[in-house]
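Student: These are the residues of each chain, in order.
There are 2 protein chains.
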Amino acid sequence: MKNQRIQERIEKLRRKMEAENIRFYIVPTADYHNSEYVDDYFKVREFFSGFTGSNGTLVVSAEEAGLWTDGRYFIQAEKELEGTGITLFRMQEEGVPEIWQYLEEKTQESDLVAFDGRVVDTAFGKKLEKKLEAKGVKLYYEDDPAAGLWTDRPGLPAHPVTVLPDALCGVTTEEKLAAVREKMCREGCSYLLLSKLDDLMWLLNIRGSDVECNPVALSYGLITMDEMFYFIGGRAVTPQFRTYAQDRGIILKEYADIIPFLKTFSYEGRVLADEKNISYLLYKTVSERAEILNQSSPTEWMKAVKNPVELDRMREIYLKDSVVVTKFIYWLKQNVGRMELTEVSAADYLDGLRAQTEGFLDLSFPTISAYKENAAMMHYEAMEGSCKKLAPEGMLLVDSGGQYLGGTTDVTRTIVLGAVSQEIKKHYSAVAAGMLQLSQAKFLYGCTGRNLDILARKPLWDMGIDYKCGTGHGVGYILNVHEGPQGIRWRFAPGSSEAVLEAGMDVTNEPGVYIEGSHGIRIENVMVVRNGVKNGDGQFMEFETLTFVPIDREALDKDSLRTEDIERINAYHKQVYDKISAFLTEEERTWLGEATAAL
Amino acid sequence: MKNQRIQERIEKLRRKMEAENIRFYIVPTADYHNSEYVDDYFKVREFFSGFTGSNGTLVVSAEEAGLWTDGRYFIQAEKELEGTGITLFRMQEEGVPEIWQYLEEKTQESDLVAFDGRVVDTAFGKKLEKKLEAKGVKLYYEDDPAAGLWTDRPGLPAHPVTVLPDALCGVTTEEKLAAVREKMCREGCSYLLLSKLDDLMWLLNIRGSDVECNPVALSYGLITMDEMFYFIGGRAVTPQFRTYAQDRGIILKEYADIIPFLKTFSYEGRVLADEKNISYLLYKTVSERAEILNQSSPTEWMKAVKNPVELDRMREIYLKDSVVVTKFIYWLKQNVGRMELTEVSAADYLDGLRAQTEGFLDLSFPTISAYKENAAMMHYEAMEGSCKKLAPEGMLLVDSGGQYLGGTTDVTRTIVLGAVSQEIKKHYSAVAAGMLQLSQAKFLYGCTGRNLDILARKPLWDMGIDYKCGTGHGVGYILNVHEGPQGIRWRFAPGSSEAVLEAGMDVTNEPGVYIEGSHGIRIENVMVVRNGVKNGDGQFMEFETLTFVPIDREALDKDSLRTEDIERINAYHKQVYDKISAFLTEEERTWLGEATAAL
Chain A
143 MKNQRIQERI EKLRRKMEAE NIRFYIVPTA DYHNSEYVDD YFKVREFFSG
193 FTGSNGTLVV SAEEAGLWTD GRYFIQAEKE LEGTGITLFR MQEEGVPEIW
243 QYLEEKTQES DLVAFDGRVV DTAFGKKLEK KLEAKGVKLY YEDDPAAGLW
293 TDRPGLPAHP VTVLPDALCG VTTEEKLAAV REKMCREGCS YLLLSKLDDL
343 MWLLNIRGSD VECNPVALSY GLITMDEMFY FIGGRAVTPQ FRTYAQDRGI
393 ILKEYADIIP FLKTFSYEGR VLADEKNISY LLYKTVSERA EILNQSSPTE
443 WMKAVKNPVE LDRMREIYLK DSVVVTKFIY WLKQNVGRME LTEVSAADYL
493 DGLRAQTEGF LDLSFPTISA YKENAAMMHY EAMEGSCKKL APEGMLLVDS
543 GGQYLGGTTD VTRTIVLGAV SQEIKKHYSA VAAGMLQLSQ AKFLYGCTGR
593 NLDILARKPL WDMGIDYKCG TGHGVGYILN VHEGPQGIRW RFAPGSSEAV
643 LEAGMDVTNE PGVYIEGSHG IRIENVMVVR NGVKNGDGQF MEFETLTFVP
693 IDREALDKDS LRTEDIERIN AYHKQVYDKI SAFLTEEERT WLGEATAAL
Chain B
143 MKNQRIQERI EKLRRKMEAE NIRFYIVPTA DYHNSEYVDD YFKVREFFSG
193 FTGSNGTLVV SAEEAGLWTD GRYFIQAEKE LEGTGITLFR MQEEGVPEIW
243 QYLEEKTQES DLVAFDGRVV DTAFGKKLEK KLEAKGVKLY YEDDPAAGLW
293 TDRPGLPAHP VTVLPDALCG VTTEEKLAAV REKMCREGCS YLLLSKLDDL
343 MWLLNIRGSD VECNPVALSY GLITMDEMFY FIGGRAVTPQ FRTYAQDRGI
393 ILKEYADIIP FLKTFSYEGR VLADEKNISY LLYKTVSERA EILNQSSPTE
443 WMKAVKNPVE LDRMREIYLK DSVVVTKFIY WLKQNVGRME LTEVSAADYL
493 DGLRAQTEGF LDLSFPTISA YKENAAMMHY EAMEGSCKKL APEGMLLVDS
543 GGQYLGGTTD VTRTIVLGAV SQEIKKHYSA VAAGMLQLSQ AKFLYGCTGR
593 NLDILARKPL WDMGIDYKCG TGHGVGYILN VHEGPQGIRW RFAPGSSEAV
643 LEAGMDVTNE PGVYIEGSHG IRIENVMVVR NGVKNGDGQF MEFETLTFVP
693 IDREALDKDS LRTEDIERIN AYHKQVYDKI SAFLTEEERT WLGEATAAL
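These protein sequence lines are chains A and B, in that order. Going by this note's numbering, the final residue of the first sequence carries number 741, and the count climbs one at a time with no gaps. Going by this note's numbering, the final residue of the second sequence carries number 741, and the count climbs one at a time with no gaps.
Keep in mind that a hint or two might mislead.
Copies of the same chain look alike in the list, so a pair counts if it works inside one copy or between any two.
Straight-line distance between alpha carbons at most 25 Å, and here's what the computed DSS-like set of lysine-lysine pairs gives [said to hold, decoys possible]:
1. K269 to K395
2. K144 to K530
3. K269 to K405
4. K676 to K158
5. K395 to K280
6. K700 to K462
7. K405 to K426
8. K280 to K405
9. K277 to K325
10. K676 to K154
Since the hints were derived computationally from the structure, they do not count as laboratory data.
Produce the entire structure from the sequences given, and follow the hints as far as they go.
Tutor: Here's what the structure looks like:
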């Protein structure tokens, strides 16, 4: 089946490319800030390819169009690219070239390779420089060559920002700026260039709403030892924020002026900038005028270690959010087969429950509601009309979270709606066992996620099954649901940095099984690293679990669980009952008693 | 109690330092090749400090003398440094400065810091350059400022080398040289500078005996695209080796001529050299004349991946060696309390059994025989006269191995001689459980030892106990018992490289418990990485165990073991009985039947 709309768009693009003598056009999925989620304004790749996943890069030439995406999206991309003439490149699979390798092979001397330098990250831009400029290929990056082809493109957002009360933040902007400047000084830098939006929000104790589910405002910051220049759309600046900024020596500038400003600024010293988080155009603009110290911004690490005030708010919010999800599970099990339900209507019900919760601001990401084999697509998005109807059989995977004044949540449960196969039970039990084995880990200070990942994955690896993604990521505080530098992953990338798990860092724990065409299982809790015993052997660390939602007993296969797994499930379920039963109705509580009974 | 001898030596050194205006004198523990074991000629640090451990660095100034060593040696160093006036610096413990930090703090402008540049590794030399030269401190490194103070110093060894038959090597020197040159070419290098002795032996399919327990010859190599210059003591060159070398385009040079040669050589292109494995003096000599590509030598990785011929020989040799150790355990249990036995005499008996084994060449390291609390010292060396007598109580830790024509072995068992406490049983059981949990790991291709280490350590970490060393290291093939790049360790060092575990790599698996003043437990098997199932989720890897020696049932506490641990112990013991019982006497076989009976 031909996808006329996409083929026409690509045709239009190719004509434009021909007119401008562009041999290859690259469209990654990014805004100007390397945010994971992007506002509609930036959905150029989706516009030209039809692929809606959150990660993917389109490369178009006269002869071929290819889309690169990762394992989470292989199944979804295959579906969405059908009939577009676009080839799917499955990243990290054997024999699949990386984009630079593909371009290195396909380009010839004096070819022009074009991309919008504002939406391309520095590493990728530099890689292209190194690999392509060496063979005489030219790069075009100062603006977007395809600008104008998308005629009904939405406008660039600039919603008013909110200043958070100190009681929610624990640390003031003045204190954060002082700590950042201390670090700049220690590194011998006179400036810190910040383009990462959640870092800017964290630093200024403000929140915005320019990106779906991310409470951030499009902006840039240049911090000097005495001042801070803050580039933000004029419409976003409320009188409250203007005063707040003035009182703290923060000079407000128009968002669009960042590049002209950096081109005319008098640099007196090195600029600390994390090349991972500044666009290639920012990198080129600054590096041609000053020395860059390429290093993680101190804000990244500081933001990741939640302070005691933040942790207290998070404990409260996670409890409320756990109650919401537990109520949802009860409602779903009660009503499936009794009323018309779909993936979307179930998600809507859950979203509605969250929206009624005190302090609710927004979802932290679009709720994933995936029934049966749809759940094998890790980031499947159900669509009204095309989505599956729910029946009293199989399982529904629901991955969801909220933005609250008090924290950002992220939780997944895969819920039994009726009969499930023995294979599914075996997989579900292994996922639950792995998740709880990681939750209960004791480890010496100095461990990173790479040391611990195998605890979650082991029951699956023992069966020859893997999930093609990390086990866990950091979670923001009233900020992005995906946050670094902490994480639980196993893969080794030479030279890459790893974050030692520090007390106060929060991290998700979400192993899964994804069997294409059959079923998908994921169970996800959020945990906080805390100090355990300290003795002559060192400081031991452990996790505190924040999420208290039952694991589905109907999908647990007692025979395939080890004694210690059963003990862990029973202990977790006792906690779930103790913590949330008080917030349920009588009926819900009775059900929860059964749902958390010892195996 | 004053250690007169050491204090006098340090006094002599201080007078010499004063005469030469040297403010700090640094003596690491290394030969000219960064070998782990060193010939007596190189034991300068031991000469001046009295500390006999295999790792340690002495730093002497007019006011202070300090010895830095790692966790394996804290207990031993404390004992040996008593009365010397030398302060022990416990590396990696909280608040203990690294040597460069110590020097950075203590030195002042125009101070002279001296060391023998041939025995200092490049990284350390460069670190000192960066940290000290910046503040105007001068480095002295072209020779050893303390040469001459050690009047009865032994001579530099140069024993005749042996050429190995092809049937033992699997791959010829010509093939190895071709593969190395292919890699040099791919990296854009015209030369490979090799100083690592086991890499040189592996490459040339020869063995030497210049270092105790290491079948290596002191030598250097410079490989060009057509030739190889091989620097070795004239006395080491047999007529057989001279012909062998000539036939392969290998030009023999005198060992001592390496520095003059490198100073006058006409470099036409880059030199590949692993700065980890060349001395600071080699580094300075070459880097002042040519560009160095600092990278692991291709020989390191090639040597680590054992070929099928080597693996077959190793399986045979490990079986023979396992029989030796099992016979030893039986003999020990039979005779303790019935005859006079000491740590040393027990080790001698074991060494004697090994020496009678077909193909035996040497021990692969001095046998560690440590009774009761002595076993808490990880690398304790029992001395005739001062060592402990064995009695029918407690445990004896024996870590030993042999060099055979067919492989290098390394095995540890901690053997019950009589009554042991419940605490010891609990610790022993946890060590056995961790060792076998790691042995049975299934993991995706791409994992390194850092992903797996926690499997061995988990039962101990769960109790708040750690062992202050890695879990495993590579083992050479008729070569050094410690070999890289593979290993099983958990600690993260930013920027350090990790070796993906490749099929054919061998690695030890040796968790332990070390309780100062009480007891020490270590159980060590050697394993080889091999391919497991391959499916859509990737290539799974697993380990093949080479060591088949019983784990002491008398120290296993069934109640503290999980069902799966018990199953693993029983399965391993069945293998042990099946593989080695045929090589035992009737009496030994009967005992082994009981020693390996299912728990």
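Student: Pop the pair K280 and K405 into one bin, within, between, both or neither, using alpha-carbon distances up to 25 Å.
Tutor: Classified as within: same-chain Cα gap 22 Å, cross-chain 42 Å, threshold 25 Å.
Student: At most 25 Å between C-alpha atoms: does K676 with K154 qualify within a copy, between copies, both, or neither?
Tutor: Classified as neither; 65 Å inside a copy, 44 Å across copies.
Student: Up to 25 Å between alpha-carbons, please classify K269 paired with K405: within, between, both or neither.
Tutor: This pair counts as within: shortest intra-copy Cα distance 23 Å, inter-copy 37 Å.
Student: One pair to classify: K269 and K395, alpha carbons no more than 25 Å apart. Within, between, both, or neither?
Tutor: Neither, since 32 Å and 43 Å both go past 25 Å.
Student: Measure nothing new, just compare the shortest in-copy and cross-copy C-alpha distances for K405 and K426 to 25 Å and report within, between, both or neither.
Tutor: For K405 and K426, the Cα distance is within 25 Å only inside one copy (10 Å; across copies 42 Å).
Student: Which holds for K144 with K530 at a C-alpha limit of 25 Å: within a copy, between copies, both or neither?
Tutor: within (23 Å within a copy, 84 Å between copies)
Student: With 25 Å as the alpha-carbon cut-off, assign the pair K700 and K462 to within, between, both or neither.
Tutor: Cα proximity of K700 and K462: none, with 30 Å in one copy and 43 Å across.
Student: Are the CA atoms of K676 and K158 at most 25 Å apart within a copy, between copies, both, or neither?
Tutor: neither (65 Å within a copy, 45 Å between copies)
Student: How do K277 and K325 come out at 25 Å by Cα distance, when the copy is not named: within, between, both, or neither?
Tutor: For K277 and K325, the Cα distance is within 25 Å only across copies (22 Å; inside one copy 40 Å).
Student: Between K395 and K280, at a C-alpha cutoff of 25 Å, which is it: within one copy, between copies, both, or neither?
Tutor: neither (33 Å within a copy, 50 Å between copies)
In summary, the structure is inconsistent with hints 1, 4, 5, 6 and 10 from the numbered list given earlier, while agreeing with the others.
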